[in-house]
Amino acid sequence: MSKKDSAPKFDRRKFLAAAAVAGAGSAVKPAQAAPTATEPPPRVPSALPPNERVASAETDVPNIPPYSTEHARPGSDFMVDVIKSLDIKYSPSNPASSYRAFHESLIDYGKNAMPEFLTCTHEEVGVGIAHGYYKIANKPLMTTCHGTVGLMHATMNIYNAFCDHAPVLVFAGNDMDAAYRPPGVPTIHSAQDINAIVRDYTKWDDTPVSAQHFAQSVVRAYQIMTTPPCAPVVISLDDGLATEPIKDYGQALYIPKFVPAAPPAGEQGAVREAARLLANAEHPVIVADRAVNTQKGMNLLVQLAELLQAPLVRQRARLNFPTTHPLGRPAAVIAQADVILGLELTDYWDTVNKFTDNNHEGIGSFGTRVKPGTKLISISAQSLLTKSNYQEFERFQSVDVPITGDVEATLPALIEALKAAIPDSRKDAMTKRGEAIKEAHAKAREATKQLAAIAWDASPISTARLCMELYGQIKDLDWSMVPSSGNVSGWPTRLWPMDKAYQFTGTSGGYGVGWGAPASVGGALANRDEGRFSVSIQSDGDLMYAPGALWTAARHKIPLLAVMHNNRGYHQEVMHIQRLANFRDRNPNVGNDLAPIGTSIMNPDIEYHKLAESMGWWAKGPIKDPADLGPALKEAVAVVKSGQPALLNVWTQPR
Amino acid sequence: MMKVRVQFVLAAVAASVAFGQAASADPSADNGQAEFVKHGCWQCHGFQGQGSVASSGGRVIANTQLPFEAFKAYVRNPSGAMPPFHAEMISDSALADIYAYLESRPKPQPAKDIPLLNGLSSK
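Respectively, the protein sequence lines represent chains H and F.
Using this note's numbering, the letters of the first sequence correspond one by one to residues 69 to 723.
Using this note's numbering, the letters of the second sequence correspond one by one to residues 55 to 177.
Read the hints as simulated data drawn from the structure, not as lab findings.
Since we're looking at a predicted model, the values are computed, not measured.
Errors might be hidden in some of the hints.
To be verified - Among chain H residues calculated to face chain F with C-beta under 7 Å, some are:
#1 Thr424
#2 Asn426
#3 Asn427
#4 Gln518
#5 Ile522
#6 Met536
#7 Asn650
Where a beta carbon is used, it is the ideal one built from N, C-alpha and C, also for glycine.
For reference, chain H alone in the conformation it holds in the complex (with noise of 0.2 Å):
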């Protein structure tokens, strides 16, 4: 490895460093004269020293031992040390030669426990299962990418985690020294500003280039990515830093102390304005998309709809509200609604306003879902999160009492301002409007009840007929259905009753196709280690972007019941393929398969079974009959509980 220690003897940095241990001792010294009698009283300086608990928190080491340049140890295991202070259960990483030094003293200086080291496939594989992980634990994870080659192959599902405001503490293998690095391939896997490459979609990213430096960089990207809005963050891991021994530049290198920060909560003014709307209006709506993470927050927002006795609209990023709850009501009341509380929507626009893909010569329409007048309020963190060059963010809309903050840390304040906003000339008049919402409820769980009975015996399989043969599995078992891919028309969170957090966690953030496997996975490893039964409805065109993610399941003895929809196609594209050739007054050309050039996962079938079986998976299938299909799960169910992975590949309707 690169030999660094022949570099000039005058050390820069231990210069500065005295200098400005100097330049802070004679700054304290003034503020410790007594005043005399005659003399003002000292300027109140503008900074003070820090206290005994702050010092504490900065400087404490969490017990690991001293380092110095005498025990010669690698900089990789004082990087181990850091990470181990921040409480990572796992890194799921594919290796690489742009970290070897890094990997080597996780494995064994680190014995390869907080994190252990998952094995996976593909870069994209690991960052998946981080989210998933994340959606499910409500704790990050990290995972270490091979140089410019590796981190390419992350992107996507960095992407999704920063679309879905969750956090993933990702490492970028690289080599800097251009005078020391190996020449060839490493050279090409390493970059002068490798973070550049997520930059636009992570919320913050550092390069460290001392040992003191990297612990500050990490305990500060550890930090800033778990506080609200959460978001992915890059750390460039030079593997010159890691491979070289220990430099302490004359100071004992310390670990900064990881405090949570308080997160940030909406201005007190602003939530009493929302509260006096919401208390006063004839017909509130509540709509829910990336608002709460766990069941305290899912709690609170079932608080709030029950003060105010206003229907309540989930989205799909979380699951946010119990599906059983008599206040939960679909999308179009929100035509009703007189004033809106929107949490944490990723697209306040489209939620009251519609697009209408289907105008003259292909161009959208676009219209209102509201009335006029009506009152819009927020509470989001999005703004927190700016960036500028992708477009997450979704079209601008216009709102009346935005708030800034997180949803969960603001909810208290609003319940108690809304306690206080609510006349009781109105109470009479919330409980009558309750009890007509719960009513609908009810009519309409019937109704779906009885759409879920329309083509119950097809074959292919319906999707509602898939759900419910496989809830009908697992209703007494404590299940989770894991993040995953398949579009199944809703039919699990509109019939099936979830009033656990951890019971539904909702949708990628990016909608970048090939999360949905990696992150199942990352959702069982959670609830594995909380003894939960982890479920998946994988999609046929989603496993194949990052099928070696069910080898990682395998590998590691994670259980899960991936259910395929197999319908044979990427469906999105087979209908926007058919409305584009209708728009056009021409019948798209299929070629030998059902659905237009292109859009087929047919003629070869995959076999996914088959697929799975191959990567140590417990497999079955094509099961085509629904009358197959509960026998077939009863099965699965149990080599799952068993501890194995498995997978029913069911052909099925399109959505």
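Given chain H, put chain F in place with the hints provided.
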């Protein structure tokens, strides 16, 4: 071969005569099934016309209550997200066969007679 006689309501017959576009006198549900697949109707409506909240706005077209002429008028000039299927793409006769196919779909059982659905709470 299953044959389904399409029942027109009086107004629909009048409309079809007025526009000079009488459909096939003897539509075929079997042929309609082939046309339903060939023209991609299954893509949004499902192979049984069961529909989906994700692709047909939740609308079910199996056993549709629409008379044929209203059905045809909507297919030719839809008002929502469905793209139009003009006569250049699909003939009146093929549409009549598709209509027959949709009308021939088995009526669903009541949800209360399906244990997996009946077992769900009503809440």
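Hints, one by one, checked against the model:
The beta carbon of threonine 424 of chain H is positioned within 7 Å of a beta carbon in chain F (closest approach about 5 Å), and the interface hint is therefore held. For asparagine 426 of chain H, the interface hint holds, since its Cβ comes within 7 Å of a Cβ in chain F; the closest pair sits about 5 Å apart. Because the smallest distance between the Cβ of asparagine 427 of chain H and any Cβ of chain F comes to about 10 Å, over 7 Å, the interface hint for this residue is violated. Annotation: interface hint on glutamine 518 of chain H holds; nearest CB of chain F at approximately 5 Å, less than 7 Å.
A hinted interface residue such as isoleucine 522 of chain H counts as satisfied when its beta carbon comes closer than 7 Å to some beta carbon of chain F; here the least separation is about 4 Å, so the hint holds. Taking 7 Å as the C-beta cut-off, the interface hint given for methionine 536 of chain H holds, the closest approach to chain F being about 4 Å. Satisfaction of the interface hint for asparagine 650 of chain H is found here, the shortest Cβ-Cβ separation to chain F being roughly 4 Å, below the 7 Å cut-off.
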